[in-house]
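Here the sequence shown is numbered in the working numbering, starting from 3 and rising by one per residue.
Take these hints with a grain of salt, some might be off.
Said to hold, decoys possible - Calculated lysine-lysine pairs in the DSS-like style (CA-CA distance at most 27 Å, straight line): (1) Lys188 to Lys207; (2) Lys196 to Lys207; (3) Lys175 to Lys188; (4) Lys196 to Lys182; (5) Lys175 to Lys207; (6) Lys99 to Lys133; (7) Lys188 to Lys99; (8) Lys135 to Lys204; (9) Lys135 to Lys188; (10) Lys204 to Lys188; (11) Lys175 to Lys204; (12) Lys133 to Lys204; (13) Lys133 to Lys144; (14) Lys99 to Lys139.
Hint data in this document are derived by calculation from the structure and do not stem from the laboratory.
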Amino acid sequence: IHAVRGGTVVGEHEVLFLGNDEIIEVTHKALSRQVFASGAVRAAKFIANKPAKLYEMKDILSYNNVITNMYLDQNQSMITVCGLPSDSTVGAELFGKLANSGVNIDIITQNIAANGLATISFSLAYDEINKAKSAIKEFVSKIDTATLSIFENLTKITVEGMGMERQTGVASKLFMALSKENISIKAISTSETKIAFCVERKYFKTAMDMVSETFNI
Numbered sequence: 003i004h005a006v007r008g009g010t011v012v013g014e015h016e017v018l019f020l021g022n023d024e025i026i027e028v029t030h031k032a033l034s035r036q037v038f039a040s041g042a043v044r045a046a047k048f049i050a051n052k053p054a055k056l057y058e059m060k061d062i063l064s065y066n067n068v069i070t071n072m073y074l075d076q077n078q079s080m081i082t083v084c085g086l087p088s089d090s091t092v093g094a095e096l097f098g099k100l101a102n103s104g105v106n107i108d109i110i111t112q113n114i115a116a117n118g119l120a121t122i123s124f125s126l127a128y129d130e131i132n133k134a135k136s137a138i139k140e141f142v143s144k145i146d147t148a149t150l151s152i153f154e155n156l157t158k159i160t161v162e163g164m165g166m167e168r169q170t171g172v173a174s175k176l177f178m179a180l181s182k183e184n185i186s187i188k189a190i191s192t193s194e195t196k197i198a199f200c201v202e203r204k205y206f207k208t209a210m211d212m213v214s215e216t217f218n219i
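Can you build the whole structure from these sequences, using the hints too?
Okay, here's the thing in structure tokens:
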């Protein structure tokens, strides 16, 4: 790394990253010695071994602050209905009955098995289990292949950060950390800047510690 003007001088600086077959030039304007010195080094660490392109300060900030917040909800449970016909009208009817009963649904997942039957799982507040069960019990009983299971004592952990939308592999890194402690994910929901997942309540403290350690929050 070569700075055309020294790191102890404020103002505009040109920072050159010299390689065997290429030179990267960064123009940096700092109003203090400390800002320039730390900023240039941080930029150098960030672009090392990355493909050649124009990077923004947002890229650097998000790289070091992928996840900035973590929230906890210990009043969670999950209902799973297996053996449903893989027809969109079935899911619509199922959730329609829940809505008509005033049940608030949080995370929803659906999988289609090799035999063509669907499994739908959804998380909800623990104190709404009985209401939800009553709402769909008759509907499920009319489908010969369908079975209903209830999972109680779950905790939902939500992590978020603006850096997520600028980085790939965040979810992979998160779940790899949890797998090291053999923590099973019961449900998951993702967006550009947020990941929410449910684990057994007895593992929530370990899960939070692993997330904090992995992402330095």
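TODO: Give me the numbers of the hints this structure contradicts, sorted from smallest to largest.
DONE: none
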